[in-house]
Amino acid sequence: MLKNHWAEVLDPKDPLVNIRKKGWDRFEEIGLPRPKQEAFQYFPLQKLIFPKLALRKSVDMRPVAGLVFIDGFFNEALSSVPAPLVCQPLDVAMRSYGLFLQNRLARAMKEETDPFAALNGAFQGRGAFLYVPPKCQIEMPLQMLHLFTGEEMASPRLMLYLGREAKLHLVQSSQGKGFCNAVIDSVLDVGAELTFCDEGSSHFQAFRATLKRDSRLKALFFPKGEWTRHSIQVQLAEENAEAAIFGLARLEGDDQAHVHATVEHIAPHTRSRQHFKNVLKEKSRSSFEGKILVRSEAQKTEAYQLNNNLLLSDEAQANAKPNLEIFADDVKASHGATVGQLDEEQLFYLRSRGLPLEQAKQWLVDGFCREILDQVTR
Amino acid sequence: MIEIKNLCANIDGKPILKGLNLSIEKGEIHAIMGPNGAGKSTLAKILAGHPAYEVTSGEVWFKGQDLLDMEPEERARAGLFMSFQYPLEISGVTNKQFFQAAMKAQGKELTDEQLEEKLSAMEIRPEFMLRNINEGFSGGEKKRNEILQLALFNPDLAILDETDSGLDIDAMRIVAKGVNQMRRKDNALLIITHYQRLLDYIRPDFVHVLADGQIVRSGGPELALELERAGYA
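Heads up: the sequence lines are chains B and R, in that order.
For the first sequence, numbering that gives the first Met the number 0 gives the first residue as 0, with consecutive numbering after it.
For the second sequence, numbering that gives the first Met the number 0 gives the first residue as 0, with consecutive numbering after it.
Quick caveat, the hints were computed from the structure, so don't treat them as lab data.
Don't take every hint at face value.
[Claimed, not checked] Reference excerpt, derived from the structure (chain R facing chain B, CB under 10 Å, subset only): (1) Lys44; (2) Ala47; (3) Pro71; (4) Leu87; (5) Phe97; (6) Lys103; (7) Gln105.
Note that beta-carbon positions come from the ideal geometry of N, C-alpha and C, so glycine has one too.
So here's chain B without its partners, still in its complex pose (with noise of 0.2 Å):
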């Protein structure tokens, strides 16, 4: 089925068709998840039915502020930037950007190690390039924001690169409920300073972030809808980078989340943060499965990585495998991961002053999530 997708979508005068094709080849090498496999352990493959790829659809719509995504293809049009900020389709900006976007692009399709990541490289509708230039900051958050008009499969795609000392906050989020399997790779130059914060409601999210000298990325997940799998990868590559990464889903009823991180340092004096945080209500799921990657030139890297899992029903599951892999000797390093419930000796203190029951649940619950959500603003 998705090998009648497949050639649906091969144009040989679509500039994207070689990247597409390794795209393909490359999913075709990895396969599609086998029941009991590592990384897809927790996930509900039997809730993965691939439907139709969706078209390119105009939609009746005023122009905003930010990048607009119509059922995965990046609508041009409806789209502004502020100068001098430049965003093109990317089949344009493959030719304007050709030498960085061919070079990122087969290098990720080549190493790409998530199946539906390498799908996305095949199937995306077209997507788009996000280009920061040197030293320019823009502190406004910058939305990106995804339209789903129907429930066929959707792939967006952005590629995304900050210059030296460029700064850019940008905020990803969704109307409509679309099967969406999204991909954003992004590469952080010297002295450059990423914030991204997804609200989106992606079935499949992959993050991809190389993050060169100095440079920093905070990245925050706040997983939507009935179920998500966020696969995110980052690379500290050069030395003084460091990149913090957050999550906070609260689940009910048959909601599933999971989050697949894997940090690597690559290069000495790099720092990294993962924190994610659950919340589940009635028969919810949850996995984390986080890896610590320090390689031998890693030296005097710090890494941190926390999965904090507070169940509130008896149907309800969380499971966390961290990992650490470290091949350098100087390295601060710890890992760690909790699944509890809330603290009755809190939930009788509260109710002892007079407040109700639910009231005091509520604010334990707040409280959990309050760690992460501090995130955002800061």
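Here the structure of chain B is known, so what remains is to put chain R in place on it, guided by the hints.
Structure of chain R alone, referenced to chain B:
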């Protein structure tokens, strides 16, 4: 005010209270003393409604209501207050928000003037109100924060569970002042303590000795002094 009749209670199936009787009238101050493990804190927690304790038999009547039939929040709204031996830290909510919500839940109003007045009486710096509940408070500050709540809520029956533990002399004096200020002709106080020293500052009308889940002796304030000299044996 409160009448405890033949109260028996377990935790994790282990009997802690074994037929406790105690009656406190309006205007009275009672102190319960006793060795560690006698069941003093258990009694305080059961009266406040801690869900981990199982009452196996007995009755507790508070202002004519069946206390054991009430949720912890209903007991607070009915005018019962317990000062915790180990006040909890709770993140995400400030002390001020906490006091406002608690006062509202108890059908009372909290004005800024009232809060300021009580803060200064308890010698708590106003900026503490903007911190999360009990977070970053020292042991003594937590206890003062409990007595501040006592002063704000103005309950009919206050139970002080080991409020003096961990307090230095200055903090003890402040706490005792706060407690003495809330005294009225129509309210009552139950002080649970291991040591006699708090009773130098807050003079009880009656002193009881709790041992092995029962009140084994009762007397006037002189009993506390005798216990201090001779011990519980």
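Worksheet entry | Ascending list of hint numbers which this structure does not respect | Hints that this structure does not satisfy do not exist here, as all of them hold.
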